[in-house]
Amino acid sequence: MFEPVTLSFVEEIVGHLKPSGSPADIVPPRLFKEIFPTIGPSFTAVINSSLSSGVVPAQFKHAVVQPLLKKPGLDPTALSNFRPISKLSFLSKVLEKIVHCQLMDYINGQNIIEIFQSGFKTLHSTESALLRVFNDIFLATDSGHSVVLVLLDLTAAFDTVDHDILIARLEQWVGVSGTALKWFRSYLTQRSFCVSLAEHVSSTVPLLHGVPQGSVLGPLLFSLYLLPLGSILRKHGISFHCYADDSQIYIPLRKAEAYSIKPLLDCLQDIKAWMSLNFLNFNEKKTEVMVFSGSGVSPLVDLGYLEQFRRPILNNLGVKVDTDLKFDTQVKAVVKSSFFQLRQLAKIKPMLQRQHLEIVIHAFVTTRLDYCNALYMGISEASIARLQLVQNAAARLLTNTRKYDHITPILASLHWLPVRFRIHFKILLFAFKALNGLAPPYLSELLIPYTPSRSLRSADQLFLATPRTRLKHRGERAFAVAAPKLWNTLPLHIRQTTSLCLFKTLVKTHLFYLAFGH
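Taking UniProt numbering, I'd label the letters of the sequence shown as residues 1 to 518.
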């Protein structure tokens, strides 16, 4: 049963939601926020009436779709170059957010959600997902095994969800029933949309399938729709990780088993059969396969029909991956795009004050250096040096420093940690979050407190156990190995910190001292 909400709770939800709505909204979202103290009690009554009756107002189920070009310069006469942006009523988003909060409380309490689904979940990100996947790959190749990684992408997955199957999934897999199930059935049925382009609006047509694009509940409902997928993969003993509709499955290949991938092929057949029954389909144009070697020599693996999808470089959630796991291609792409942004910023520099220039440098350059930089642990000195050149150039642009002036005092004056220490900071931050319940469970389970066999002074030092590895430049790059090694080097007072904000400050100060000596 949904619980009735209070006026103060609705006011908090309205205050935190972005003021984005639909062109069909009678009251613009910004105005609605301003006048909420006046109309709040009436609107709260509407919300509670919907929750108790299991009926969603018809006005909340209409979307206005506005097509936008995916990239500037694309041919506007080709419909495939447009991305349909679905805009729903702001009031409907408030109702959905309230339902989302109550449903998530129930799901988390029952441990229903898929642990290896990182999309649309708090404390999860593409970086945390990749950190776990490559942790497993590093440890497998360190043990001498080869690993096959398959990237799968669903075609228009959100649009092909069958409503009857979704309702059955909510009832049988999640445990929703009674008025709450009636509410979801009302939410999914009798939906409609129209297309708006410039001053023209199409006629209204029904939306018979799919989860509502642009909605608050849509991503969560899609994740619940995919719940049986994890069971199929576990039945075949295949490791996997999902981010929304992007899936990566991987399996170690042992030489003793002649590098057999039969379990993987059998699993893919079962997945395809399940997807056909659930109106889902893989986009074969985006299917990619890579084999990582455990010995440094590419193994002779018969991939079967997957051979056609084998690639020398993968684009995995925005990170370019090569077969030797050196991330040279990724570093090259980051350096190229960062220098392009710096050249663009140099053109507008005369129009910006220094404080504003620093903000846009962080927005367009530093974010590129920091994206998924936890994966850079253990990469070559040459790659680190190339990334450092980008940061040096950004510092010179900001401070008007000549090319051959020593860069270390400049970085120190700006309080910018060098690239190597930014990588260490990211690893330590994930370690702290994993130890304090602020990270995904699949990262937390990788870190084990050190327990000495007898009473020693180190017993109360809050150290982490460091797994043994065979190869310095492979196993030691895994999060389960790198994080404990960095963590154990921190002073005790930092390891004892429980505040995230204070931990960030102390670790930055500690790394700043290591980098600059003051």
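Everything labelled a hint here was simulated from the structure, so no lab data went into it. Here a beta-carbon is modelled for each residue, glycine too, at the ideal position from N, C-alpha and C. Just to be clear, a hint being listed does not mean it is correct.
[Stated by the list, open to error] Once the Cα atoms are required to be at most 27 Å apart in a straight line, the calculated DSS-like pairs of lysine-lysine come out as:
{"no.": "1", "residue 1": "K286", "residue 2": "K349"}
{"no.": "2", "residue 1": "K336", "residue 2": "K426"}
{"no.": "3", "residue 1": "K426", "residue 2": "K71"}
{"no.": "4", "residue 1": "K426", "residue 2": "K347"}
{"no.": "5", "residue 1": "K272", "residue 2": "K262"}
{"no.": "6", "residue 1": "K286", "residue 2": "K70"}
{"no.": "7", "residue 1": "K71", "residue 2": "K97"}
[Unchecked claim] Quick list of the computed label-pair ranges, beta carbon to beta carbon:
{"no.": "8", "residue 1": "V205", "residue 2": "P57", "range": "39 to 47 Å"}
{"no.": "9", "residue 1": "V205", "residue 2": "A385", "range": "20 to 28 Å"}
{"no.": "10", "residue 1": "S203", "residue 2": "I115", "range": "41 to 49 Å"}
{"no.": "11", "residue 1": "P57", "residue 2": "E12", "range": "35 to 43 Å"}
{"no.": "12", "residue 1": "P19", "residue 2": "T329", "range": "36 to 44 Å"}
{"no.": "13", "residue 1": "R354", "residue 2": "A78", "range": "41 to 49 Å"}
{"no.": "14", "residue 1": "S177", "residue 2": "P84", "range": "32 to 40 Å"}
{"no.": "15", "residue 1": "N283", "residue 2": "T38", "range": "29 to 37 Å"}
{"no.": "16", "residue 1": "R354", "residue 2": "K320", "range": "31 to 39 Å"}
For each hint, the structure was consulted:
1. Among the hinted pairs, K286 with K349 is inconsistent with the structure: their alpha-carbon atoms are about 39 Å apart, more than 27 Å.
2. Distance restraint check for K336 and K426: the Cα-Cα separation of roughly 23 Å lies within the 27 Å cut-off, and the hinted pair is therefore satisfied.
3. Taken as a hint, the K426 and K71 pair is broken in the structure, with Cα atoms around 32 Å apart against an allowance of 27 Å.
4. Between K426 and K347 the CA atoms are separated by roughly 32 Å; this puts the pair beyond 27 Å, and the hint is violated.
5. Among the hinted pairs, K272 with K262 is consistent with the structure: their alpha-carbon atoms are about 15 Å apart, no more than 27 Å.
6. Restraint check: the Cα-Cα separation between K286 and K70 comes to about 18 Å, which is no more than 27 Å; the hinted pair holds.
7. Of the supplied pair hints, the one linking K71 and K97 is violated, its CA atoms being roughly 31 Å apart against a limit of 27 Å.
8. Look at V205 against P57: about 20 Å separates their beta carbons, and that is not inside 39 to 47 Å.
9. In this structure the supplied range 20 to 28 Å is violated for V205 paired with A385, their Cβ-Cβ distance being about 57 Å.
10. Evaluation of the 41 to 49 Å hint for S203 and I115 yields a pass: the beta carbon distance comes to about 44 Å.
11. A hinted range of 35 to 43 Å is violated for the C-beta pair P57 and E12, which are about 22 Å apart.
12. Restraint check, P19 to T329: a C-beta distance of roughly 41 Å satisfies the suggested window 36 to 44 Å.
13. Evaluation of the 41 to 49 Å hint for R354 and A78 yields a pass: the beta carbon distance comes to about 44 Å.
14. Distance hint for S177 and P84: a CB-CB separation of about 34 Å, consistent with the stated range 32 to 40 Å.
15. Here the CB-CB span from N283 to T38 is close to 49 Å, at odds with the stated 29 to 37 Å.
16. Between R354 and K320 the beta carbon distance is about 34 Å. The supplied range of 31 to 39 Å therefore holds.
In this structure, the earlier hints numbered 1, 3, 4, 7, 8, 9, 11, 15 are contradicted, and the remaining ones agree with it.
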